[in-house]
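**Student:** In the order they appear, the protein sequences are chains A and B.
Taking the working numbering as reference, the numbering of the first sequence is continuous, increasing by one, and the terminal residue is 430.
Taking the working numbering as reference, the numbering of the second sequence is continuous, increasing by one, and the terminal residue is 549.
Accuracy of the hints is not assured; some may be wrong.
[What the hints assert, rightly or not] No more than 27 Å apart at the CA atoms, straight line, and that leaves these computed lysine-lysine pairs for BS3-like:
id	chain 1	residue 1	chain 2	residue 2
1	A	LYS324	B	LYS549
2	A	LYS328	B	LYS547
3	B	LYS549	A	LYS328
4	A	LYS289	A	LYS421
[To be verified] Restraint-style ranges between C-beta atoms, simulated for each label pair:
id	chain 1	residue 1	chain 2	residue 2	range
5	A	THR55	B	LYS441	32 to 40 Å
6	A	ASN245	B	GLU193	20 to 28 Å
7	B	ILE545	A	GLY323	34 to 42 Å
8	B	LYS549	A	ASP356	56 to 64 Å
9	A	GLY323	B	GLU339	45 to 53 Å
10	B	LYS441	A	LYS421	50 to 58 Å
11	A	LEU87	B	ALA181	42 to 50 Å
12	A	ASP80	B	LYS433	39 to 47 Å
13	B	ASP367	A	ASN322	27 to 35 Å
I should point out that these hints are in silico values taken from the structure, not numbers from a laboratory.
For each residue, glycine too, the CB sits at the ideal point set by N, CA and C.
The lines below spell out each chain.
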Amino acid sequence: MNIITYSAEQQEFRKRLRDFLEREVSPYVDQWEREHLVPKSVWQKMGRGGFLCPSISTEYGGIGGDFRYAVIVAEEMSRTCCTGLAASLHSDVVVPYLDSFGTPEQKRKYLPGCVNGDIISAVAMTEPDAGSDVAGMKTTAVEQGDEIVINGSKTFISNGVNCDLLIIAARDPGIASKHHAVSLYLVEAGTPGFNKGRQLEKMGWHSQDTAELFFSDCRIPKQNRLGENGSGFMMLMQKLQQERLTCVLGAVPAAELVVEWTVERCRTAVQNGKPLIKSQAVQFALVEMLTEVKLGRTYMEKLVMDHIEGQTIVVETSMAKYWTTEMVNRVADRALELVGEYGTLEDCPIVRAKRDVRVMSIFAGTNEIMKGIAAKFMGM
Amino acid sequence: MELTRSQKEIQKAAQEFAKGEFDKEVTVELEQSRSYPAELLQKAAELGFVGLQFAEEYGGGGLGLVDACLVAEALCRKDSTMGSAVVLAAFGAECLHRFGDKKMKEQYLEQVTAGKMLAGIALGESDRGDDFTVLDTTATRSDNEWIINGKKRYVTNGGAAGFYLVLCRTEAKHAENSGVALILVEPDRPGITVADLGDKLALNSVALADITFADVRVPLTNLVGKEGQGLAQARAFLDEVKILAAARAVGIAAGAFDRALAYVKQREQFERKLAQFQITRHKIADMATKIELARLITYRAAADFDKGKADPTLSAMAKMTAARMAVEVADEAIQLFGGYGYMTEQEVERYYRDAKTIELCLGTRESQKDRIADLVIGKLK
Ligand SMILES: Cc1cc2nc3c(=O)[nH]c(=O)nc-3n(C[C@H](O)[C@H](O)[C@H](O)COP(=O)(O)OP(=O)(O)OC[C@H]3O[C@@H](n4cnc5c(N)ncnc54)[C@H](O)[C@@H]3O)c2cc1C
Ligand SMILES: Cc1cc2nc3c(=O)[nH]c(=O)nc-3n(C[C@H](O)[C@H](O)[C@H](O)COP(=O)(O)OP(=O)(O)OC[C@H]3O[C@@H](n4cnc5c(N)ncnc54)[C@H](O)[C@@H]3O)c2cc1C
Numbered sequence: 051m052n053i054i055t056y057s058a059e060q061q062e063f064r065k066r067l068r069d070f071l072e073r074e075v076s077p078y079v080d081q082w083e084r085e086h087l088v089p090k091s092v093w094q095k096m097g098r099g100g101f102l103c104p105s106i107s108t109e110y111g112g113i114g115g116d117f118r119y120a121v122i123v124a125e126e127m128s129r130t131c132c133t134g135l136a137a138s139l140h141s142d143v144v145v146p147y148l149d150s151f152g153t154p155e156q157k158r159k160y161l162p163g164c165v166n167g168d169i170i171s172a173v174a175m176t177e178p179d180a181g182s183d184v185a186g187m188k189t190t191a192v193e194q195g196d197e198i199v200i201n202g203s204k205t206f207i208s209n210g211v212n213c214d215l216l217i218i219a220a221r222d223p224g225i226a227s228k229h230h231a232v233s234l235y236l237v238e239a240g241t242p243g244f245n246k247g248r249q250l251e252k253m254g255w256h257s258q259d260t261a262e263l264f265f266s267d268c269r270i271p272k273q274n275r276l277g278e279n280g281s282g283f284m285m286l287m288q289k290l291q292q293e294r295l296t297c298v299l300g301a302v303p304a305a306e307l308v309v310e311w312t313v314e315r316c317r318t319a320v321q322n323g324k325p326l327i328k329s330q331a332v333q334f335a336l337v338e339m340l341t342e343v344k345l346g347r348t349y350m351e352k353l354v355m356d357h358i359e360g361q362t363i364v365v366e367t368s369m370a371k372y373w374t375t376e377m378v379n380r381v382a383d384r385a386l387e388l389v390g391e392y393g394t395l396e397d398c399p400i401v402r403a404k405r406d407v408r409v410m411s412i413f414a415g416t417n418e419i420m421k422g423i424a425a426k427f428m429g430m
Numbered sequence: 169m170e171l172t173r174s175q176k177e178i179q180k181a182a183q184e185f186a187k188g189e190f191d192k193e194v195t196v197e198l199e200q201s202r203s204y205p206a207e208l209l210q211k212a213a214e215l216g217f218v219g220l221q222f223a224e225e226y227g228g229g230g231l232g233l234v235d236a237c238l239v240a241e242a243l244c245r246k247d248s249t250m251g252s253a254v255v256l257a258a259f260g261a262e263c264l265h266r267f268g269d270k271k272m273k274e275q276y277l278e279q280v281t282a283g284k285m286l287a288g289i290a291l292g293e294s295d296r297g298d299d300f301t302v303l304d305t306t307a308t309r310s311d312n313e314w315i316i317n318g319k320k321r322y323v324t325n326g327g328a329a330g331f332y333l334v335l336c337r338t339e340a341k342h343a344e345n346s347g348v349a350l351i352l353v354e355p356d357r358p359g360i361t362v363a364d365l366g367d368k369l370a371l372n373s374v375a376l377a378d379i380t381f382a383d384v385r386v387p388l389t390n391l392v393g394k395e396g397q398g399l400a401q402a403r404a405f406l407d408e409v410k411i412l413a414a415a416r417a418v419g420i421a422a423g424a425f426d427r428a429l430a431y432v433k434q435r436e437q438f439e440r441k442l443a444q445f446q447i448t449r450h451k452i453a454d455m456a457t458k459i460e461l462a463r464l465i466t467y468r469a470a471a472d473f474d475k476g477k478a479d480p481t482l483s484a485m486a487k488m489t490a491a492r493m494a495v496e497v498a499d500e501a502i503q504l505f506g507g508y509g510y511m512t513e514q515e516v517e518r519y520y521r522d523a524k525t526i527e528l529c530l531g532t533r534e535s536q537k538d539r540i541a542d543l544v545i546g547k548l549k
């Protein structure tokens, strides 16, 4: 039995998206990996095709779809192995802040662009000295008349180079309480004082423009504060459930793809005259991997439905984020061994997969932080 | 096991060399441009770090495998990639040293130990795995020449080596341990085609290629060791280099560990050093324990080898254990660095990739277990 069932409309959406990705994305992924960037035009094509921000209401150009659309996009994006076009991050992590907490004016100004791909978004919480400890952030936002002046730096920001609109968390140095000092702000690219730093070289996600961002006396209008003053933390916390679930949506399909590919490889690769898949050790390893993947899939789909029902599943999403991201790493690591020496060549798709999935247990809250949250929320 | 004074001195010299000569930015450049660190090799050779276990008459150190392992560990600890590149310069020369004749050794080993030549050995063939009892590459005798035909895959230093030891079938049908020979082939012989294998998971500065031999003629005197002994020689070689690979793995793990340890003692989150969190402390404890276990089995295997009691079971165990341990330790190091661990700049992600490559070459876990099980279980009645 499928836990998530899709309407005819959703199935049609998936089909159109898959066609689109096969045509406009997959053929270029290797090139973008080399260039360490995806062109903005592909974001626009994706937006024009109706595949960005499906949860946004029709009033702003979206289709007002439920979270199943996020699942479809995440699954189909996984198949492209394109990390640069971080559609899920944009649609399901960043833009929802604006959608949930923005004023009607803010929404009118930015949401249509987010939907049609003219605006690529990013969210900046992490700083060089404040990662897991978000409250330790040092970037300041100070009100001066009608303006807010931002100073500080952020790092590891996904879409950092391409972003047109940034949601940034910064603290008011006048407020002593760490948690009440933080607010969220909307900063447009090109605002004087907002400088995009170098693109960071990393193990994987080569087509993703992870970057450092710098703010020196960056002035934005006061209307660009998102939500109530001092409620930054509350907003971040409120959105983390969906952010973690989005990580799960990245991890499980990636693991499925790795296993699918490995099984196929073991069927065709011959070792000492017999297909690898006929070896008992290989069979057992594959069965173990497939079992893990299926457990991940089941838990993922259950949590998606709970989330759609509006349940609070902070503990479960923390558990799922940690478990599925470790699972995909375990599976990719094991798969490389089954593939053997071919697993040392970039030509082998699992090599890229392994380099790419490694980050999943680090970003959006490390797995140690996930376990800590689960423990805390269960009253331990 | 206690190191001798001379071994401690060699270890210290290797550590100092690595500290003075390795530079992570240069490493990243060499990796990106896929260029071999030729100058570094020269310097390492001048200090005697290449071919420590080879006889002095061929420019070697006249020492043992333990010494070679100490150097491999020290170099890889400081830089997993450059350390590996230097150790792999002689990959195959170990075999020539043990089984080649004096003339060959004078001609080639001296250059290898001087850091002027890379070695090459071509054993594996596609779909064949590492048991080598079935070979498609043939060497047929014609007057005073061997005519070699076949395709070898995944040759380290392929295209860059000064010689290749090629495992060939010399008799149409061969029972186990007969009809197979190792033949030295010079790279400039007509009929050799090198196909580079392109970008890799790791070790891009070291060439890896498939090599095809089409009617390649070499003198009969290029036979290495005895005809009919090729298989046994290849296995003896693998049993030796597996221990060196294990030593590299120990070094890689120790290097990733050094970096992670320094980081958790300095990085603060939640107003505490990472090293104050119990989970971090336990991770550090696990990593240290794993490294020590792998180091013990590796040097035990090397010491037995030096005593003339080479044990293929122990070689396979050491390679399997140390490689797995290094993968796990480097992976944990990435995690301890958080987002920084994923960045090229912090090196540990490269340590992970280098460790993983050791796990995937010289036979995977399954291959090692097959070998260990064969030796432990023996023939069934
Ligand atoms: C490719 C990539 C993309 C990213 N994209 C974004 C983005 O778009 N926006 C954004 O804001 N951030 C982004 N990040 C940052 C990411 O969220 C942080 O890296 C992550 O939260 C960890 O923070 P840190 O790197 O500072 O590690 P640290 O917090 O320094 O953690 C280091 C290690 O210590 C552990 N640790 C920390 N605290 C504890 C504790 N209390 N108990 C036990 N262990 C602990 C951690 O689990 C980790 O293993 C991205 C990171 C990467 C690598
Ligand atoms: C980086 C690198 C450098 C190399 N350099 C050289 C070189 O210089 N010269 C050279 O001759 N060769 C070289 N090789 C080849 C190396 O020796 C081969 O990996 C080895 O010969 C074959 O090992 P394998 O049997 O594990 O096969 P692999 O191709 O590694 O194994 C394929 C798969 O089969 C599985 N498997 C193997 N046997 C069994 C079994 N009996 N039962 C179940 N599963 C099994 C393995 O676990 C793996 O999943 C290199 C390889 C690599 C990756």
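**Student:** Hint by hint, note whether the structure agrees.
**Tutor:** To see whether the hints hold, each was checked on the structure:
1. A/LYS324 with B/LYS549: 25 Å, holds
2. A/LYS328 with B/LYS547: The given pair, whose Cα atoms are some 22 Å apart, holds under the 27 Å limit.
3. B/LYS549 with A/LYS328: Roughly 25 Å between the alpha carbons, so the hint for B/LYS549 and A/LYS328 holds.
4. A/LYS289 with A/LYS421: Answer holds: A/LYS289 to A/LYS421 is near 18 Å, not above 27 Å.
5. A/THR55 with B/LYS441: 32 to 40 Å: 49 Å, violated
6. A/ASN245 with B/GLU193: 20 to 28 Å: 24 Å, holds
7. B/ILE545 with A/GLY323: 34 to 42 Å: 22 Å, violated
8. B/LYS549 with A/ASP356: 56 to 64 Å: 59 Å, holds
9. A/GLY323 with B/GLU339: 45 to 53 Å: 20 Å, violated
10. B/LYS441 with A/LYS421: 50 to 58 Å: 19 Å, violated
11. A/LEU87 with B/ALA181: 42 to 50 Å: 45 Å, holds
12. A/ASP80 with B/LYS433: 39 to 47 Å: 41 Å, holds
13. B/ASP367 with A/ASN322: 27 to 35 Å: 28 Å, holds
In the structure shown, a violation is registered for the earlier hints numbered 5, 7, 9, 10, in ascending order.
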